[in-house]
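Colleague: According to my numbering, the sequence shown is numbered sequentially starting from 5.
Hints are computed from structural coordinates only; laboratory data are not their basis.
Incorrect hints may appear among the rest.
Cross-link-like lysine-lysine pairs, in silico, DSS-like; alpha carbons within 30 Å at most [as the list claims (entries may be wrong)]:
id, residue 1, residue 2
1, K86, K39
2, K131, K182
3, K86, K74
4, K21, K74
5, K126, K39
6, K39, K428
7, K194, K215
8, K131, K215
9, K428, K299
10, K10, K21
11, K126, K194
12, K52, K74
13, K10, K52
14, K38, K182
15, K21, K50
16, K145, K122
17, K145, K50
18, K39, K431
19, K39, K90
20, K50, K10
21, K131, K38
22, K215, K187
23, K39, K21
24, K52, K86
25, K39, K122
26, K145, K182
27, K74, K50
Restraint-style ranges between C-beta atoms, simulated for each label pair [as the list claims (entries may be wrong)]:
id, residue 1, residue 2, range
28, V220, F365, 20 to 28 Å
29, T298, A155, 35 to 43 Å
30, N149, H432, 37 to 45 Å
31, N268, Q326, 28 to 36 Å
32, K38, N367, 38 to 46 Å
33, T15, H432, 49 to 57 Å
34, L17, D191, 30 to 38 Å
35, D369, A278, 16 to 24 Å
36, D369, K182, 32 to 40 Å
37, A278, Y120, 27 to 35 Å
The C-beta atom is built at its ideal place from N, Cα and C for all residues, glycine as well.
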Amino acid sequence: MGSWVKEASYTRLCSTKNIITVNGQFPRPTIYAKKGETIIVDVYNKGKENITIHWHGVSMPRYPWIDGPKYITQCPIQPRSKFSQKIILSFEEGTLWWHAHSDWTQATIHGAIIVYPKNGTKYPFPKPNVEVPIILGQWWKSDVNMVRDEALATGADPNASDSLLINGQPGDLFPCSKSGTFKLTVDHGKTYLLRIINAALHEALFFSITKHKMTVVGTDAKTYSIIPEARNFYDNTTTTAIVQYRGYYTPSSPPSLPHLPAYNDTNASVQVMAGLRSLADAEHPCNVPLSPSTKLIYTVSMNSFLCPNNSCAGPNGTRSPQINFLAFHTSVRFYHDIIPLEDTPPHASPWISFYVVGWGFGNFDKIRTHCATIWWILPLEYHLRSTKGWATIRFEASNPGVWFMHCHVERHQTWGMETAFIVKNGKHPKLKCCLRHSTCHHVEATKN
5 MGSWVKEASY
15 TRLCSTKNII
25 TVNGQFPRPT
35 IYAKKGETII
45 VDVYNKGKEN
55 ITIHWHGVSM
65 PRYPWIDGPK
75 YITQCPIQPR
85 SKFSQKIILS
95 FEEGTLWWHA
105 HSDWTQATIH
115 GAIIVYPKNG
125 TKYPFPKPNV
135 EVPIILGQWW
145 KSDVNMVRDE
155 ALATGADPNA
165 SDSLLINGQP
175 GDLFPCSKSG
185 TFKLTVDHGK
195 TYLLRIINAA
205 LHEALFFSIT
215 KHKMTVVGTD
225 AKTYSIIPEA
235 RNFYDNTTTT
245 AIVQYRGYYT
255 PSSPPSLPHL
265 PAYNDTNASV
275 QVMAGLRSLA
285 DAEHPCNVPL
295 SPSTKLIYTV
305 SMNSFLCPNN
315 SCAGPNGTRS
325 PQINFLAFHT
335 SVRFYHDIIP
345 LEDTPPHASP
355 WISFYVVGWG
365 FGNFDKIRTH
375 CATIWWILPL
385 EYHLRSTKGW
395 ATIRFEASNP
405 GVWFMHCHVE
415 RHQTWGMETA
425 FIVKNGKHPK
435 LKCCLRHSTC
445 HHVEATKN
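Construct the entire structure; sequences and hints are all you get.
Modeller: Here you go:
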């Protein structure tokens, strides 16, 4: 498939600006595939900026050359250049997504990857009648990379977005937005699978549909697959989008609003997280490492440093993050202590599965808290998001290469909340890179 990165004019909140898009669409396009397939995406950069694309949730087994993070696992695609990217879907199934991994262009370059079960297999839940991608995002009236640059220059938080979005639209609670509000028309009695993706740069978001019970059937931290029960008759509901039942009826005016928890309601979030369990079965196994050989402890915090003369990197780069080297097929027990008051969802893509086997509030204490909260029964495959707490994660380092790990709140990553894992080669013959080695110095020369 071909993807053209180019500028397009979009109007939101009564003003128009040019944004970087793929094929002129915002959001989307959606990529559809089946488990085990390989997709070739030809990316043509017709924009003015260097760009990279990351396939979020795809493990890319033994293929670390084009994972997406700019200048770490891939050199960016220069303007007026083409680059072919291979997406290897090995074990993945469900709701994934793709997004830019260069500067803050993720704000407008993102879309869903829908991976269906193999032929002859089925979902680990009842098959829905209809599937609908729901992409949540943020909109700034100004250029998003200028927002980033201004924040870095002043040392302050970036300016808040002017609105949140559902499928690219602010909804009818915002000016000049009513006609474009996303509407989902449903039939009573049918089952709908909503594939929800949080593509917002900086925010963890609540999602609700008025008067509807929703069942979570899949999650990967930045994505949720939910099934709402369409059991009401001829009613319509709204958050910043509208669910409208098909038929002849008079809708309420204005539509009823759902109840959403406050943005800092930790208890509401914990209630949802605590209720999640694996849907593992024979076709979707849950292979948790039982005897990890390596232990890693990470404490995540946000600190302020005086940086005269732009010296935050320290003498000779001495403030660079620690890089961990892992032997091939090492089983890892990873303790993640989170101190900040904000959400800090870590993301690393190379391993077949991350399994959260325990979590809690406060500082991790293996004597007082570990045994009481460990999830030995149906551990959850999940990328964690939490605040002022800890989590114990297990994974197997079975994918050689250099892999980026970072906070998926973009401002945190910009501030330096990032590191990398290097998984060494095993004893078998090494794979040769199938790509011509990128020339990042040429990219830098073009950029400068």
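Colleague: Are K39 and K90 close enough, with their CA atoms no more than 30 Å apart?
Modeller: 15 Å, holds
Colleague: Does K74 lie within 30 Å of K52 when you go C-alpha to C-alpha?
Modeller: Holds, at roughly 16 Å.
Colleague: Between K215 and K187, is the straight-line Cα distance small enough, at 30 Å or below?
Modeller: This hinted pair holds, its Cα atoms lying about 17 Å apart.
Colleague: Taking 30 Å as the top limit, are the C-alpha atoms of K39 and K21 close enough?
Modeller: Answer violated: K39 to K21 is near 38 Å, above 30 Å.
Colleague: Next pair to validate is K145 with K50; report whether the Cα-Cα distance is within 30 Å.
Modeller: 23 Å, holds
Colleague: For the pair we were handed, K428 and K299, check the Cα-Cα distance against 30 Å.
Modeller: Given that 30 Å is the threshold and the Cα spacing comes to 17 Å, the pair holds.
Colleague: Does K86 pair with K39 here, judged by a C-alpha cut-off of 30 Å?
Modeller: 27 Å, holds
Colleague: Taken at face value, is the distance from the CA of K50 to the CA of K74 at most 30 Å?
Modeller: 18 Å, holds
Colleague: Do the alpha carbons of K10 and K52 lie within 30 Å of each other, as the hint requires?
Modeller: Status holds; Cα separation ~8 Å.
Colleague: Holds or violated: K52 with K86, Cα cutoff 30 Å?
Modeller: 14 Å, holds
Colleague: Within a Cα-Cα threshold of 30 Å, do K86 and K74 meet the stated pairing?
Modeller: 16 Å, holds
Colleague: Holds or violated: the 38 to 46 Å window for the beta-carbon distance between K38 and N367?
Modeller: 44 Å, holds
Hint compliance for this structure: hints 2, 14, 16, 23, 36 are broken, all remaining hints hold.
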